[in-house]
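2 protein chains.
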Amino acid sequence: MSIPSNYLTASECIRLVAEDKLTVEQIALDHLARYDERDSVVHAWAFVNRDLVLSEAKKLDALPKEKRGPLHGAVLGVKDMINLPTQHNSPIYKDHRPNVDAGVVAICRAAGALIFGKTHTTEFASTAEGPPACNPYDPRRTPGGSSSGSGVAVSDYQCSFAFGTQTGGSTIRPGSFNGIYAFKPTWGAITREGLKIYSISLDTLGLFTRSIEDLKLLAKVFRLEDDIPPPTVPKPLSECRFAYVKTDQWDAESGASPELISAWERSAKLLKSAGAEVVDIELPPSFDKIFPDIGRWMMDGEARASFLPEYITSKDSLAPYLQGHVENKTKITRKMQLQGYDELAALRPIIDKIAGEYDAIVTPSVPGEAPLGIGHTGSARLCAMWTALQVPCINIPGFASENGMPIGLTLVAPRYEDQRLLSVAGEVAKAWIGTDDDKLNNIPAPKDAVHLKV
Amino acid sequence: MSIPSNYLTASECIRLVAEDKLTVEQIALDHLARYDERDSVVHAWAFVNRDLVLSEAKKLDALPKEKRGPLHGAVLGVKDMINLPTQHNSPIYKDHRPNVDAGVVAICRAAGALIFGKTHTTEFASTAEGPPACNPYDPRRTPGGSSSGSGVAVSDYQCSFAFGTQTGGSTIRPGSFNGIYAFKPTWGAITREGLKIYSISLDTLGLFTRSIEDLKLLAKVFRLEDDIPPPTVPKPLSECRFAYVKTDQWDAESGASPELISAWERSAKLLKSAGAEVVDIELPPSFDKIFPDIGRWMMDGEARASFLPEYITSKDSLAPYLQGHVENKTKITRKMQLQGYDELAALRPIIDKIAGEYDAIVTPSVPGEAPLGIGHTGSARLCAMWTALQVPCINIPGFASENGMPIGLTLVAPRYEDQRLLSVAGEVAKAWIGTDDDKLNNIPAPKDAVHLKV
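Line by line, the protein sequences are chains A and B. Quick note on this note's numbering: the first sequence kicks off at 1 and runs consecutively. Quick note on this note's numbering: the second sequence kicks off at 1 and runs consecutively.
Since the hints were made in silico from the structure, they are not lab data. These numbers were taken from a predicted model, which means no experiment stands behind them. Accuracy of the hints is not assured; some may be wrong.
Selected chain B positions facing chain A (Cβ under 7 Å, derived; list incomplete) [claimed, not checked]: (1) ALA106; (2) ILE107; (3) GLU302; (4) PRO309; (5) ILE312; (6) ALA345; (7) ARG415.
Note that beta-carbon positions come from the ideal geometry of N, C-alpha and C, so glycine has one too.
Using the sequences plus the hints, can you model the full thing?
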């Protein structure tokens, strides 16, 4: 191996292991070496048991080929609010060691993935204070949240893929800030068994990878089947049509930054150069109320029930912000909560119809580059709407600020067109990130890193 | 004590303990005696650890009074799909011993409830084969499902209250078959953390008790707060107006039985005698499609993701019916699933408005008495619609078939008017069950049993 395996994608490792050119043990050693080198800088992990990682790797190597699963050779990081020894970054759950995997962990473990450890999250994946994780492109900056450590671990080549979750923008935001792919599938398409509940109508498992090929592999493992399977050969961009949607938050205070505006314009130019049609559209005004009002009414209303057990048993160990949910500090009436449910439900078929008229909607992931400081994980104002609409979203990296920080943009499709979205995303990524060596450098990479794969 | 404490309601036990007239240890001993006497007949329990029950009871007795919670003296049975040592009646989870309580268990434990054990359920709370539990009124008959053991344990005086769940009719049906109160609150009003997921949009925690007072106490513990609190003194029936809704399933094959028709007519007569206004209404035809189609599209679509982990890891140990969910045997397209979401979402504010014009909707719980045989747990055709609509429902017992089997009827209110519904239910129960000794005998009771309390 000329290059340590932690710099490869999951799919590349899986292929090399299948061809007997690499062992899972070597993969584990490479990732542990990177972890040793970098964890004191970027603090991605809440829990790694190196002996367990190595012994599991050896077990995987000992498995006869016919018993190996589709993820054999991939290394998984799991957000510390998804069952597996899980602590939610809350003192209440300090000794919480559930002995049954979350559904998604069970699926990936059975498919042969090597579970590397638990990644840092904000307390209960809330918007509370950030965890110690910091941005691999600039450790003075936040990696985003709440799936902070998952974004860092994948970006920093410490695992090949990772689980996050998204209630507002907790997958898309770290995707953009850390310069990696971040996929929030249709709400409900992947089981949430074993994920701590914040808002039952919003929480969605998120996936982080360094390649679209890896996302496609995971979508297959999780059986994300559209009614109409996407074409075997992806539709070329020259036949594609994209709707550019700035959303009502673009012009808001702390809305679009200069670096977002620059990425936005460049992205459209690149798509047009590839022959695609790009159309600026505005959503009907009824979508304007989702952030910050309607979505928040639903979320806060649901969080009132979600944190009652911790509030009753261990109030003093619960962040004041989360105590506030139970105490209904934001004064969300049941009427407002129901209005949230009903208005959002009415908007979902409308966005399906609008998005269905294009190959994808292109929309911002975040207002701009990752802000300085790790106390605050950044704003979800530009991506929370899509979570509430329950549509699939992917952050595609490919742009950078003047400070050399990554910026991505989001592609959106109608609900349950996850596979089609991934197919389109692969072609868009080629245009934005490039596939030639000279284009691959249009965004910088974390220390020692090689390029993102399309 | 002239009467063993297991025949008392939770509230009665709590009061006696507070007055130093009863110890939790004595309560535990009384319940264990009943369990010893009856479990070989009715098979309510999947797991009871008598040493643990007794040692926990002694701990509760040792607690200084100022540290005691509002459920101190109550005895809880937990459906075996809610975390606590949990097996889901599936061999896959035989040794599953999660070491963190489900949210609802944590809340009740902190409130001082004595956890008695885990009650039998159908496999993963599905409509698959019934568990060994049988009806305390006639062991040849089903107690209903999937919350079979919970219904039995409360009806048979083996615990004072129990948790079930409802995805179709799994709380209301055992409530009716076992002659007890069964309350399915508004979807989302109580945390589902630690409840195995079947259908995320349908699954709801259910509560079984032998008194409305106990339900009111639990509603307080779970903080089921309406926007407008119900009146301190419940509104008298003479000022109430009830909408009688047969639903489209009344006239369907296997719809209303003669015993249901008789209960229906008698119930209206009793309400009218108490001075209430009773109006027969028909719901708009758009509600007719919910059962069996639209609700099922949503449920089957969601179950496809819910059982994938077990399917991947342990397919052979999973009931064929549940394997079928993952394999999408019912051929639910994503389009149908989304239609399920969107049509139901549109109907919810409509039913809120209709129900809001009355003090409650009165509607059947089940087609009739508990059928013979314990293999099949009965039909949800008359109650599943309300689960899909996410409105709060209560089964009020009070009627009986010629075979002496109990039949209840359901009261329904708009979403998040749970407290108001409980307030009305108390008055309705007085009319249906009666409060005078001569009226209390209008339904029979399980062996050795005393009466239901209003």
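Status of the hints after comparison with the structure:
The closest approach between the C-beta of B/ALA106 and any C-beta of chain A is roughly 4 Å, which is under the 7 Å cut-off, so the hint is satisfied. For B/ILE107, the interface hint holds, the least distance from its beta-carbon to any beta-carbon of chain A being 5 Å, beneath 7 Å. Annotation: B/GLU302 was flagged as interfacial toward chain A, and the flag holds, the nearest CB pair being 6 Å apart, inside 7 Å. Checking B/PRO309 against chain A by beta carbon gives a least distance of about 4 Å; that is within 7 Å, so the hint holds.
For B/ILE312, the interface hint holds, since its Cβ comes within 7 Å of a Cβ in chain A; the closest pair sits about 5 Å apart. For B/ALA345, the suggested interface contact is upheld, since its CB lies about 3 Å from the closest CB of chain A, less than 7 Å. For B/ARG415, the suggested interface contact is upheld, since its CB lies about 6 Å from the closest CB of chain A, less than 7 Å.
In this structure, every one of the numbered hints holds.
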